[in-house]
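K.L.:
Heads up: the protein sequence lines correspond to chains A and B, in order.
Heads up: the first sequence runs through residues 1 to 440, numbered per UniProt numbering.
Heads up: the second sequence runs through residues 1 to 440, numbered per UniProt numbering.
Honestly, the hints are just simulated from the structure, not real lab data.
Predicted model only: the values in this text are computed from it and were never measured.
Check before you lean on any hint, since a few could be wrong.
Said to hold, decoys possible - Partner residues are not named here, just some residues of chain B that face chain A (Cβ under 8 Å, in silico): (1) Ser-147; (2) Ala-183; (3) Asp-318; (4) Arg-321; (5) Thr-325.
The beta-carbon is built from N, C-alpha and C at its ideal position, and this holds for glycine as well.
Protein chains: 2
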Amino acid sequence: MAEALKVGVAGLGTVGASVVQLLAKHGGQIARKSGRAVTVTAVCARDRNKDRGFDVSSLEWFSDPVEMAEKAEVDIFVELIGGDNGAAEECVRAALQRGIHVVTANKALLAKHGVSLAGLAEANNACLNYEAAVAGGIPIVKTLRESMAGNDVSRVYGILNGTCNYILTRMEAEGIGFEECLADAQRLGYAEADPSFDIEGNDTAHKLAILTSLAFGTKISSDDIYMEGITSIASADIEAADELGFRIKLLGVAQRTETGIEQRVHPTMVPKSSAIARIDGVLNAVAVDGDYVGEIVLVGPGAGGDATASSVVADIADIARGDQTPVLGMPAADLKEYQRARMRMHEGGYYIRLSVYDRPGAFAEIARCMGEAGISLESIVQKRHATHHAPGKYNADVPQPVILITYETTEVAIKEALEVVMSKGVVSEKPQMIRIEKLS
Amino acid sequence: MAEALKVGVAGLGTVGASVVQLLAKHGGQIARKSGRAVTVTAVCARDRNKDRGFDVSSLEWFSDPVEMAEKAEVDIFVELIGGDNGAAEECVRAALQRGIHVVTANKALLAKHGVSLAGLAEANNACLNYEAAVAGGIPIVKTLRESMAGNDVSRVYGILNGTCNYILTRMEAEGIGFEECLADAQRLGYAEADPSFDIEGNDTAHKLAILTSLAFGTKISSDDIYMEGITSIASADIEAADELGFRIKLLGVAQRTETGIEQRVHPTMVPKSSAIARIDGVLNAVAVDGDYVGEIVLVGPGAGGDATASSVVADIADIARGDQTPVLGMPAADLKEYQRARMRMHEGGYYIRLSVYDRPGAFAEIARCMGEAGISLESIVQKRHATHHAPGKYNADVPQPVILITYETTEVAIKEALEVVMSKGVVSEKPQMIRIEKLS
């Protein structure tokens with residue numbers, strides 16, 4: 001057997017500690033599988049004396065990851081620091097420049113600098129593996145980079161953020177509001193103290209940007225992503241979705257269209273019968289539509305120290321085995337420019353929830369606006385507030401919820417129609433609009 | 001770029017024809033991804049003049065696959081002939097002996113000769129890839145061989161036969177019987193004229209034998225698989241399952257226990273809330289429980305020319321990229337002996353359907369038998385036939401269905417208890433017994 005492969009781990013948080021322990025626990029098996037022993041020889045963290053459940057005394061210690069990347073005698077540099085620039089970027093560049101293979105779980109870094117880092121890795125004949133950066137323990141990077149090599153992908157989509165999925169699942173299961181769910185998620189450690197990065201969709205967008213590049217062979221373009229978070233989702237939407245045969249999920253979707261590739265992150269109505277509708281709680285799921293394979297769906301834990309460590313170690317084992325896959329599926333120079341499809345050209349069905357003043361002709365006015373915009377309605381649900389059920393309590397000033405489900409139309413048509421509806425003075429607030437995704 | 005990789009395809013049925021067409025259609029992309037062009041230069045089939053939708057005139061033609069394996073100037077030999085011995089085995093051995101890489105979709109061959117072929121491949125420094133052999137387009141072989149490298153697997157299970165899943169799905173959806181569904185499946189091409197290999201569980205067992213080896217690092221042992229098909233599943237079982245919160249699926253399960261590894265194929269009660277319960281029709285799904293990653297589930301098409309070709313081509317692209325993974329995840333010499341856990345030691349819950357003579361004390365007799373065997377009952381459902389609802393029509397000789405759901409017990413306990421029940425003369429026929437799988 002060849003000499004042991006030396007690994008340096010920068011960042012000893014939950015994931016880093018789990019990686020060190022995993023390599024110690026299953027080292028024999030990993031050596032048998034990859035034909036080479038793998039040993040952690042160097043680590044980097046701020047506090048050397050913190051108890052992490054394992055002994056660091058025999059390891060080379062660094063407190064500066066860039067210094068470790070520049071000086072440590074390692075074959076693989078594992079970056080688990082996080083952040084899209086600063087120390088994380090510097091240390092990854094420094095390691096690659098020395099021809100040291102890099103394994104990272106850093107989605108933000110990849111989303112921002114992926115193409116440039118891929119070029120640097122290639123120029124130095126080093127691997128840059130990042131299975132853990134997208135959907136944690138789910139092997140979607142390998143599936144797209146390798147297993148889908150013979151497919152033309154038309155769409156990749158998924159539930160890529162466990163925090164949002166946890167909140168939406170609880171809102172539905174318990175009929176409670178967004179704020180209450182978020183507070184619970186924070187209490188249980190499923191959401192950060194500042195949750196905006198998750199609930200506004202940024203985290204999903206970073207992961208989607210990477211998936212798009214792998215699926216379509218295009219340069220990563222994380223600035224060109226349409227993004228809507230889940231903060232506007234009301235219990236009324238969750239209930240209406242349920243009645244109409246849908247569930248609401250925050251999806252990241254990248255889809256080939258006639259005018260380019262759509263990248264979008266938004267709350268989405270998915271049919272209850274679809275595989276993606278049934279992904280509950282903190283689980284992640286990713287689906288890929290390929291012209292030969294059809295649709296495959298991968299489900300698993302999207303976060304957590306051990307699940308993420310599993311992916312980091314799989315990346316290490318690939319390098320130990322001598323497998324060198326192009327960072328973004330093909331050489332960086334072969335990646336096509338990302339051609340953005342404008343969101344206003346998006347085609348699909350829409351769920352619209354309106355608060356309509358209960359006056360004669362109000363509904364006819366709305367129906368006319370939709371008809372004039374060329375939008376056909378698949379279903380209309382009008383719900384009266386309880387106060388209206390009691391005879392004599394009729395009050396035209398209390399707006400009533402009306403739900404519309406449209407047939408396929410364009411984003412520009414629906415937005416313009418809703419502008420016109422609002423200008424007519426028949427609705428009391430900005431309409432809620434949620435896109436419907438066509439799924440098998 | 002390196003010289004083009006020359007591929008010979010033996011067997012030009014649905015899958016073989018699709019492989020040739022895929023490589024032609026997406027050749028440019030595959031070359032960019034693997035750093036090497038891939039060209040089909042030789043094919044083997046019986047009839048040269050059959051119209052397969054592509055031109056074979058420029059390809060080296062063989063009518064004997066063994067001759068092709070021995071003589072063709074190819075780098076990769078693709079075996080799509082089928083069968084666990086004869087020409088398929090001979091040509092694979094002949095190719096490996098020449099150091100030619102082999103890609104195959106042949107589960108029967110792998111299940112029977114996998115360890116021996118793995119050793120032959122290693123001795124000749126050749127790859128033997130077989131992603132398409134298990135669950136068609138789903139990348140489960142790669143996931144187990146590579147992505148799970150850092151995990152100790154406790155269980156792998158799945159729906160591995162589309163024919164059985166199609167039949168069970170239709171029985172449930174339409175309330176029709178097994179025979180009628182099978183006839184329909186045959187008419188639609190989802191079942192063979194002789195369906196026994198599918199419906200008796202043999203096909204699932206072959207795939208399971210391969211998964212077991214990859215998951216647990218043991219030698220393939222396809223003769224040590226407990227096997228029950230779906231022919232005994234009655235509409236009454238499907239209905240009762242539905243009422244009790246289960247669905248019935250034919251699962252292949254390999255599970256580590258204290259006494260060894262269980263390999264079993266049988267109709268299984270799975271909770272409706274589980275991911276596997278929602279896999280309908282001809283789809284396949286495979287789930288793996290790893291100590292670090294937790295549970296991941298892969299869903300996709302388990303058969304079909306194009307989906308299978310997608311996996312065959314992914315295997316070819318891996319070879320083109322220079323990736324050489326040990327055939328069974330680690331060198332054949334490192335595989336442990338398979339230690340069989342006896343089925344009588346299996347632990348789990350059970351669904352029991354009895355036809356009970358409706359006489360005073362009959363039910364008490366059954367309850368006593370179960371109690372004496374140490375079996376606790378989680379639920380008991382007694383259903384009266386419609387004729388009993390009419391007053392005055394009571395007839396003790398018409399047996400009534402009684403459903404029992406047990407708490408966890410052992411196979412030996414349940415079997416002995418049912419023997420005793422039968423000896424008491426209180427049931428009119430052999431009890432139906434379906435295992436319940438604990439799933440998250």
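K.L.:
Sort out which numbered hints this structure fails and list those numbers smallest first.
P.N.:
Violated hint: only 2; rest satisfied.
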